[in-house]
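**Student:** The chain contents come next:
There are 2 protein chains.
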Amino acid sequence: MILKARKIPIKVGQKYILVLNERTAHMLDVHAGDRLAVQNGSKRITCIVDVTENGEIKDNEAGLYVETWNVLKADHGDKMFVTLAEKPAANMYIRQKLDGKELSRAEIDTIVKDIVTDTLSDVEMTYFVSACYINGLSDRETTDLTKSIVEHGNRIKLNKKIVADKHCIGGVPGNRTTMVVIPIIAAAGITIPKTSSRAITSPSGTADTMEVMCNVTNNAAKLRKILDKVGAFISWGGGVDLAAADDKLIRVRHPMSLDPKGMMLASIMAKKYAVGSTHVLIDIPYGPQVKTQTLEQANALKKDFERLGRMLGMTVKVIATRGDAPIGRGIGPVLEAIDVMDVLANKPSAPQDLRKKAIFMAGELLELCGKSKKGAGAILAEKLLNSGAAYKKMNDIIDAQGRKKMPKVGKFTFKILAEKSGTIVGVDNKLVSHVARVAGAPKNSGAGVTIEKNLGDKVKKGDLLYIIYAENKNRLSNAVEESRAKVYIIK
Amino acid sequence: MILKARKIPIKVGQKYILVLNERTAHMLDVHAGDRLAVQNGSKRITCIVDVTENGEIKDNEAGLYVETWNVLKADHGDKMFVTLAEKPAANMYIRQKLDGKELSRAEIDTIVKDIVTDTLSDVEMTYFVSACYINGLSDRETTDLTKSIVEHGNRIKLNKKIVADKHCIGGVPGNRTTMVVIPIIAAAGITIPKTSSRAITSPSGTADTMEVMCNVTNNAAKLRKILDKVGAFISWGGGVDLAAADDKLIRVRHPMSLDPKGMMLASIMAKKYAVGSTHVLIDIPYGPQVKTQTLEQANALKKDFERLGRMLGMTVKVIATRGDAPIGRGIGPVLEAIDVMDVLANKPSAPQDLRKKAIFMAGELLELCGKSKKGAGAILAEKLLNSGAAYKKMNDIIDAQGRKKMPKVGKFTFKILAEKSGTIVGVDNKLVSHVARVAGAPKNSGAGVTIEKNLGDKVKKGDLLYIIYAENKNRLSNAVEESRAKVYIIK
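As you go down the protein sequences, you meet chains A and B in turn. Take the first sequence: its position 61, counted from the start at 1, is 70 in the working numbering, and no numbers get skipped. Take the second sequence: its position 154, counted from the start at 1, is 163 in the working numbering, and no numbers get skipped.
If you're looking for bench data, these hints aren't it; they were derived computationally from the structure. A portion of the hints provided could be inaccurate.
Since copy identity is lost for identical chains, a pair holds within one copy or between any two.
Here are the simulated lysine-lysine pairs, DSS-like style, with alpha carbons at most 27 Å apart [to be verified]:
hint	residue 1	residue 2
1	K16	K82
2	K96	K495
3	K67	K424
4	K52	K439
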C-alpha cells in the first residue's frame, strides 16, 4: 500500500514510529504495536505502528516523527510503499520467558540487541522486565545478561592485571565513602575507574556530589585518557553508555519501581565488567530504612554478587554494613563534597564516621587486590590518607576531569533543636533524605542538611540536632515544614 | 515550576501526555512515565510525562498533543503551573499482583477504573497483563474482573426473565453457526442480543459476515430499540463499548499475542453480563489446528466457563465440538453470508454440515432456556428452521439493523483440483484461512474460498477440491501461490 508522508514536528526518542489513523490502520489490517516496512525512494526501515483517531492524520497518510522523517529523507507528501513486517525475533523469546522458560545465551543476546537498537517497543520491553521479575533469572541467565549488556554497550579496554572497583548499594544519606576510597586506592598505584549514578530519589548521588567540583560527563575516549594520566576517575555512568540496554530497561522499570534481582545484579556488574574490573568490593548497607532491610537479606545478596562475580571471572568481596543512620555530616551535593575533601585533607573537623568507614573499606579493597597482607589493609589505607597522598590524588582526579569552582552552601538556614534531653535511639534516614530533597537537593547543589548529632549521641533539650540549608526562602520554609515529623527519636 | 505551552499537532488517543526535553525533565526531577499536575488558568489535569531529546521542544516548554491542548484550553506560550503528582492508586495494586498477591474486588475496581479513564500508561497496563498472565487470576478475581469491566462500560439493561446468548471460541474456518442459531432462538420468542467481533487473524468474524448484509455498528440505545422490535440483534461489540477496559487491555496484549486465561474468560463473559444474559451456550471447537487443541483442554475450559457463570449468576452450558475441518462451504464475508442465508431459506444447495451443527446448538440452547424438554430441543429448532420462521426472523433482524445490498462474490476465481484419488484424511484449517486472507478476506468482502470437498470425502484425481475467489488478479495469483502448500491430505 502507498502512504503519503506527513511530518510530526517532534522527536520522540530513537524508535521509528509511524502514525496511522484508524481507517488507514483498518485498511492495512494492522494494530498499534505491529510493524511495517516503509520504503521511501532508496531508504527502507521498519517502523512500529501507532494508531490515532481519525482527524489530524488523514486517510492514507503516514505521520512521521522527526527521527523517522529524517532517516527516510522524507518530504511532505512523499509516496512511501509500506508492507507488513515480521515481529522481531526477541518477541518470541520474551514470550517464552513469560511462559517460564530459561533463555539461552543467544536468545538473551537477541533481546538485548533489539533493546539497544530501539527495535522493541516499551510494551515489549515491559513484558521482558515482568517475566524476569516474576519468573526470575537463573545464575547462568544473569551472567549471560551481564555479558550481553556489556557487549552491546561501550567498553573501556585496559591492559592491566588488576583493575579495582568499589560499589555501594545506596540508601544511606551522606554516605560518600566511595569518594574517599577511590583516591586512597589510586594513591596505592591501583587502577580504579569508577562510574557512578546521579540521584533518582535521594538528595545526591556520587555523580552529583563529584559534579560540584568537576565535570563528570565524559565519553569513553576521555575517560581512557584520564585513567592513563591519574589512574582513576569518578564520572557519571550515563555519560559513557557502558550499559545502554540497561538504561533503556530502567525507563520501563521506573513507573512500577521494579527491580528484578537478576537485572539489578546484571546492571551493577555490567558496568564493572565493561571497564575490565578484576577486583570489586561491594558495600551492602542494611537496616529498617534502606533497601536491604535485614542482615539475612544482605547475606543472600552477598552470595548472589559473589557467585555472579565468579561466573564473570572477577574477584568480588561483599561487606554488609549497618545502615541505620546517616554517615558523614552533610547531605546534599556541596555539603557532601565538603565532607569528602575535609576527610581527605585530614581536617580535624572532618566527620570521623565517614573517615573510619572509608579507611575500613579501602583496607578491605587493598587486601583484595593483594596490596597488603590480610589484616594490614586498613593500616596502609590510613597511611595513604594521613600522608596526604590520597588528597593529592583526589585533586589530580578533579583537575584531570576539569575542575570547577565549588558553589557555596545555601545561604538560607534553619536549625532544628532537641525538644527534650536523652539519648538518640533512632534516626529516620528516609525523612532526613526527604527534608534535604525538599530543601532543594540535588538540583540546588548548595541545599541539604547537616547532621550535628547522630545515632547513640546523648543530647540536652535545646541542643542542635541538624541544620537545613536552602538556596531560597520558599524551599527552606517547605523543608522546615516537612521536618516537623520526627527525624530523631530521643529516649 | 512554570512551563510554556506548545502544541504538538497530532492526536494520540485519550491519555493526557506532556512532553518535556531532557533538561527540563532534569530540572523538574521527573522521568518518563512520571505524572505532573498541570494548571492552565482554571483548568487542571494530571499528565503522564514523556521525555524527548533536547531540540524540538525547548527548555521550560511543555509539548501538548491535541487532546491535552484542548482540555487545558491552551494557547501558544500560555504559562502553565506544574507540580509533581502522585502515581495512580492502581500502580500499587498492580505491583502487588506482580508480587503474587490476590487482589480484592476494590483493588481490581481501582485498576479497571484507571484503565477506562486512560489514567494508566501502556507500560503500567502491560505490567498488569503480565502479572495476570504469569501469576494467574483466582476464580474470585476473575469474577470480580468481569463485574468490574461491566460496571465501567456501557450496559443494555433488559427487563426479561430469560436472555439467551451463544458464543463460539473461534478458530474453525466458515463456522458461522451463530448466525443461524440466533434467528432460530429469536423465532422461539427468546430475547437474544448478540455482540460479536471482527476478524483479527481469520478471514472473517461474525461481525464482518453480518456486515455484508446490514449495518453492524450500533450504540446501546439503537441496539435497545432493535431488541424491542425484533427480539434479537447481531452487532459488532466494538461499536457499543460493553467492555471498554477489555478493549484497552487487548491493545497491550496484542504485541505478545498474550491471552491470560482469567482475562480471556472475563473478556467473553463481561459482554454477556453487560446485556443481562441469563442462559449462555458456549461452543469450544477443539482440534490440532484450533486454539484449544485437545478434548482435555476443552473440558478444562468448559469447567472454567461454567464456574465463572455460576459465580456471575448465569446458567452456562459448554459444548466441546470437533474443529478438525472447515464448516459450511464459504470462507470469507460474502461467501459465508450466502451459506447462512441458504441454510435459513432451506435451500437444498445449503451446506448440510452447517445446518446440522446449527440445529444441534439451537436445540441445546432451547433446552437450556426451558423452551423444550430435555432431548426435544433439536426437534423444535428444526421445526423453526423448516417452517421459515427463522428465515423471516433473520430478515427482520437485517431490516432492523439497516439492510444493505450484499456485494457480489469476487469475480476472479481459481479452482484447485485433486492431484490424486483417495480419501481426504486431513484439512489444514490454518492454511485454508491463510489462503482466504491472502485472496483478500475480510477487507475485500467478496474474496475467500469455497470448500467443495471436506474431511472424509472420497475423491478422484481431477475432482474439484476448493475454489479461490478474489476481487483482483493480483490477490488471486498471490492466493494461488500460497495454496501450493497442501490444504488437503489425501490417502
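**Student:** Any of the earlier hints contradicted here, and which numbers?
**Tutor:** 3, 4
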